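Q: Chain residues, written in single-letter form:
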Amino acid sequence: MSTTSISELSAQVRRLRKQDAWWKNPMLGRLAIILALVLVLSILTNQVQGSSSDYTLLFKSSWFSSRGAQYVIGGVLIWIIAEAWRIQGLRRIAGQTISVAGRRTALIVPRSFTRQYSRLAGFFRWLIPNRWFRRVLVLAVVAVAIFLPYLGLFTLPYFQSVLAGQVGVYVLAALGLNVVVGWAGLLDLGYIAFFAIGAYTTAILSGKLPVGADGNPEAHPPIHLNLFFAFPIAVVLTMTAGLILGAPTLRLRGDYLAIVTLGFHEIVLQLAKNNPHNLTNGPLGATGISTFRFNLFGVHYDWNPTDSKPYWFLAIGLILIVVFAFRRLEHSKVGRTWTAIREDEVAAAASGVPTVKYKLMAFMIGASTSGFAGVLATAKITAITPDNFPLQLSIFVLAYVIFGGMGSLTGVIVGASLMTFLPFFLQGPPSWFNSGKPVVDPKDIPMWVGAVLLTMMIFRPQGLIPSKRRAQELAQAEHGVGDADAMTEPAEGVAP
Amino acid sequence: MYFTQHFWELLFQGIRLGSLYALIAIGYTMVYGVLQLINFAHSEVFMSGALGGVFMLTALAGTNGNIPSGFSAFEYTALALIAGAVVSAAVAFSLERVAYRPLRKRHAPKLVYLITAIGASIFLYNLAGKLFGRNNLQVPESFHSGPVFVLPGSGPSGPRTVKTLDVLIIATAFVMMIVLDLVINRTKLGSGIRAVAQDAETAQLMGVDVGKVISRTFIIGGLLAGVGGVLYAMFHAVSYTMGFIPGIKAFTAAVLGGIGNVRGAMLGGLLLGIVESFSQGIIPNGLEWVDVVSFVVLVVVLLIRPTGILGERTGRAA
Amino acid sequence: MRTINRVRAGAVIAAGVFALSACAGSSTKSGGGSTSSSTGSGSSTSAANNGKPTLEIGVQGPLSGANQALGLNIDWGVKLAVQQENAKGDLPFNLAVKEADDQGLQNNGADEANLLIQDQKVMGVVGPAFSGPTAAAGALYSTANLVAISPSATAPKLTASGFKTFYRVVANDNIQGKAAADYMAKALKASNVFVVDDKSQYGQGLSTAIVAELKADGVTVETDSAQAGTQDYSQLASKVASSGAKAMYYAGYYADGGVFAKALKSAGYNGTMMSGDGSKDPNFITTAGKDAAEGWQFTCACLDAGTNPKYAAFVSAYKQLANAEPGTYSIEGYDAANTIISVLKGLNTATPTRQAVADAVGKVDYQGLSKEVKFTSTGDISTTAVYVYQIKSGVITLLGDVNTLVGGS
Amino acid sequence: MSDQASTIPAPRTEASPSDNAALLELSSVEVAYGGIVALKGIDLEVRQGEIVALLGANGAGKTTTLRTVSGLLKPRSGEVRYAGEALTGIPAHKIVQLGIGHSPEGRRIFSRMTVLENLQMGAYRFKSVSQKDLDQVFELFPRLQERRTQLGGNLSGGEQQMLAIGRAMMGQPALLLLDEPSMGLAPLIVAQIFEIIERINALGTTILLVEQNAAQALKLAHRGYVLETGEVVMSAPAGELLNDPRIREAYLGETAE
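If you read the protein sequences in the order shown, they are chains A, D, V and G.
When the count follows the working numbering, it moves up by one through the first sequence with no breaks and lands on 498 for the last residue.
When the count follows the working numbering, it moves up by one through the second sequence with no breaks and lands on 346 for the last residue.
When the count follows the working numbering, it moves up by one through the third sequence with no breaks and lands on 446 for the last residue.
When the count follows the working numbering, it moves up by one through the fourth sequence with no breaks and lands on 1728 for the last residue.
These are calculated hints, taken from the structure and not from any lab test.
Bear in mind that the values here come from a model prediction, so they are computed numbers and not experimental data.
Incorrect hints may appear among the rest.
[Said to hold, decoys possible] Quick partial rundown of chain D residues pointing at chain V, CB under 10 Å, derived from the structure: (1) R44; (2) A87; (3) G90; (4) S122; (5) G157; (6) N164; (7) T189; (8) K191; (9) L193; (10) D209; (11) T215; (12) V266; (13) F272; (14) V318; (15) R333.
The beta carbon of each residue, even a glycine, is placed where N, CA and C say it ideally should be.
Work out the full structure, taking the sequences as your base and the hints as a guide.
A: Below, the structure written as structure tokens:
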């Protein structure tokens, strides 16, 4: 309600635009960043482990030592090079070198080659989107996946075991969670609860649970079935569990749903531990669970836990079935409805979509996939305790999905495979890598996993292989159009 | 009946645990308020505060088991609390700078924040384990925790007393919460936080430096969690994995009270503590069912009030 | 804007590459200026370069994750045994340690067993540390004829599962549970006992055995459980205090046992407080504080009295190596490793077969630090003596053999 | 800057304020969201003391223009000049300190704060809230004084609009950006609000007004710009625009009397 003179206003603008204090110089800022990074890395890569009796041990050995000096000097060198690069001097030199080199190669490489090269590039440009080529490619990838246990690394029993017991199982689980989180946009932090339900179903159907009062399972075999029957039964049970959890809670908005599902996981775990009616045998669980058997049309085959390959074939079979089914689902009306719900639940509801029904559907499909994975895992482990299903596992599976690229089947498969495989690889690489020694100390592996997750999310938030739609949503959000996910919008959908 | 006989004792234990939960829950809820982020790494902020406090105590009192008395008891305790608060605030601040600010600049979706937080949490606690060993650390006693007053309803093994440590926990927690409430509702920083929580963009149009407010929100959350961590260390134990369970509980408490609402977090924390305590008094072998009961209570509350007890549509505080 | 980011990212990556290469460099130089870097190295205690071939002893246990501390105790024990043996250098080969981290989880049991099995240099395994992974890995070790001596898997049924090459140097829950119950019933003459377990496989197994024996002894038993990670033990402690039980047994690990001890002290419980081998750890005292830990008793099928000079040597060597006091199962890990070493010594060849090692372990009779290592036909340790320890002025001291304590009273 | 900046009397002479020096200038400003170009090189000028109306259909880029001025969006190219100085690189929260008040589209009241708290937020850039300003806002909007202890979310649409303007006024703006102040309001209230806008201008505040209600806006404004799909298609004194047949057809078809 007062008018300031124009000259005074322009003086103010100039004042605001003025350079900051010298210590806010971006150059020094970058030095600080590099130094901090180098100091942290010096600790991270130090093989010494700290001690609870001398808290300063690791600092002394990573900072106040020749090691620390090396790192700091290295950091400063990197900073100098980077700054010099920025100041263009080096960049120009490098540019000249490159252009000279380019001219030389142009002399050496015959014209015909470059022409052929461009023809080749054109061929690829035509090839990649080609439908038939893509089909052949997919078939090739599938074939490689099936015969993986006979290839390179995976001929080693360790990696076979990891492949069947970890990669296969968690890819399957992550595919299911992708339906819930990636497609329907529901944040589920208790996903492994369904996995546990599938696993306990397996144990019960194989006649190892419930135990009698004397703790002897053999004396009380209520059911004893071929484990292949566990799949349909686990599906029914986990779907029911999904319904029981989902029906009352799916009306909650994103983060509230997250804590309720987390709680559900905790409740399932506690029930298993507290052993109502001797059903789960509490923390002791069950051992010696029989595994898959095939006895039909005169063909007889037993899965033997000492050989991982058959489990992988089973896992890849299940994964293929699930992927095929989910692909159909993604491009069906159901898939489109999920997208609508995820992007704007209120609008979807307003246009007559029964959102709760579709959300429940996603929840149940996810749950049953998790149950599948649970059956598979338990059959391979042949033993079960509540400790197999820690709360962290639910969080990890969610991380696999986001890491790979939420909403994209390829992304989720790749993400889950890499994230489950990585720690095992770091711990016991094959002999041709790092001469078979652990790449990092097993004790530090979780730390590195956390660091990978963190860096990945900071530098590539869309995940390894994001779905096209997600990538678009993200790019738009980055420029301020719309929200990248409707997940945290209030269910009532009122703008603040 | 066990419950009625031990009512006061159960209530007191519930309040003691609940005020610790509340101190942590406030950090969750404030960060949620300004960023809509479930800051899973907050449990590690809490853990680092406990470590900071314990290191301070070790430096001051040593580990020879001598318990200081008089003014030095007070001094050591206060310094430990301050050290914990400062360390936690520093960790929370750097967490925001390193992990969340780049994401905020890119308008990353909330789930990416969540996974970043999880990654940061895994990284931080394992780093702490690498730095300081994987065993429980020794917490030197900074004062003699003698009986202060007797609770009504004494049990067969003698009267139930409330000790100095209990008083310290509850009193510190309540003082911090009251101060925080004043800061949120009476100061300029507080109104900035509330404005950013409600509508960050409009807050910017009022001249609020959103980045700075978010940083300070993390710092405030860290300060409270740090104090909570030191108190928890004195009451419970300290190790690199100590953050996970209290973190989950405090998050539950924050949701119970209505996430985003500071008073809700205080209320939710106390309520959760009391529910946990009471369920032990009411259910036979209740300790086994504590988690089940508290989550069932949470679900029931959310079914009645989908945004928690002081959900955002009613509460005034941010 | 974008170029700045790219430069920054480039700098970051460069720094990373530099750091990693620096790290690799320093590790090949077997140094880095620190006191324990050579022993702290990831997989194997580096063997002297003396032209001998290298054989390995595997360790399978939780080296990361929630139960890491227990696994590390074992790991350091094994590393110490190997280091001492290499220092002696009287074998026709060098020894190294190969670690397999199962995080104490059953899910990883088989994978990690396979890691050790596929490495033909591994001649014997100390582990798996936990009963869960053992159940998943036992059959694999059997098939591979690779001997696995667990320092800590106590579930009784493991040795009844038909694992041909599985042995353990700890008493199973039934033996320890029975002894603990008899001690409380007969030596302490407790007419009523309160048994608390931590809802772990170990705790539940032990408490089940104790409760069964106590009932057989005609003792009134009250039980409760508090799962590891319980936030507030006060109510449980005051329940124990008001139950008037003459003795209380906590079946669980020290990390939570120490916190429970604090609460019991605060609740003013004045009966005898006991726990098992999972809690007999200096860290129990660290956690509980000297005051609250004072007077606690532990049952353990291990004899590691401070009177034995070998034990004192072990403690100081361990401290030097691990930067920490030996804890629960450290000695068992050390003994298990030495058992394998003694067998390899007996075979005295640079190319032993796993079969030969497995056969010899079945017949071994080795005087370990904690006990005489000799196995029954199923793989259990044949010595069934259980000892009682007590914390006296902040130190865990031996009270005696349960049998003599029971008989003598 | 000092809290109570030195003020000069409002230059409300008979001469049109359109002859004054330019307070705000946009020169070939381009703004894009991701791949979508929202402003395709806009030139625009607001002189001190003026009310300038920005007209156009939905999606023409009116709101984008305001958001670019207040720093919420960064131009891809071009320059925003304020009092002759480029605003490039100054973040939104600092632009407020230069006396640019912005009452955003959809009012964006802090619904969980009281009316008074909302107004205090408006004065966030000052160390303390000036009672004089508060009184002045209450004088302009007596309704707000009655409702001062009510939560922002409980106000009616018209009251919220008053609050949004009042809140922007609390920052003592030299330039006030008003985004669709009449949106969704009853005609009676719209008239009331436009009258107040005129009063605010009379007090010396320059106003850049975005409106769909072209007729009302042009009656009030000194000059007007017409935006179409991110480009200025017409700019003229308000009276001329009001009488332009193309404008009458395109924007006043419904509302022209």
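Q: For each hint, tell me whether it holds in the structure or not.
A: How the hints compare with the structure:
Among the interface hints, the one on R44/D holds; its C-beta lies about 8 Å from the nearest C-beta in chain V, closer than the 10 Å criterion. The restraint placing A87/D at the interface with chain V is violated, with a minimum CB-CB distance near 17 Å, outside the 10 Å limit. The beta carbon of G90/D is not positioned within 10 Å of any beta carbon in chain V (closest approach about 13 Å), and the interface hint is therefore violated. The beta carbon of S122/D comes no nearer than 16 Å to any beta carbon in chain V, farther than 10 Å, and the hint placing it at the interface is violated.
Taken as an interface hint, G157/D checks out: its beta carbon lies about 7 Å from the nearest beta carbon of chain V, inside 10 Å. For N164/D, the suggested interface contact is upheld, since its CB lies about 4 Å from the closest CB of chain V, less than 10 Å. Taking 10 Å as the C-beta contact cut-off toward chain V, the hint placing T189/D at the interface holds, the least distance being around 8 Å. A least Cβ separation of about 7 Å between K191/D and chain V falls short of the 10 Å threshold, and the interface hint therefore holds.
Because the beta carbon of L193/D sits about 8 Å from the nearest beta carbon in chain V, less than 10 Å, this interface hint is met. Violation of the interface hint for D209/D is found here, the shortest Cβ-Cβ separation to chain V being roughly 25 Å, above the 10 Å cut-off. Residue-level restraint check for T215/D is violated (minimum Cβ-Cβ distance to chain V is 33 Å; threshold 10 Å). With a cut of 10 Å, the hint placing V266/D at the interface with chain V holds, because the nearest CB-to-CB distance is about 9 Å.
Taking 10 Å as the C-beta contact cut-off toward chain V, the hint placing F272/D at the interface holds, the least distance being around 8 Å. For V318/D, the interface hint holds, the least distance from its beta-carbon to any beta-carbon of chain V being 8 Å, beneath 10 Å. The restraint placing R333/D at the interface with chain V is violated, with a minimum CB-CB distance near 25 Å, outside the 10 Å limit.
When each numbered hint is compared with the structure, violations occur for hints 2, 3, 4, 10, 11, 15.
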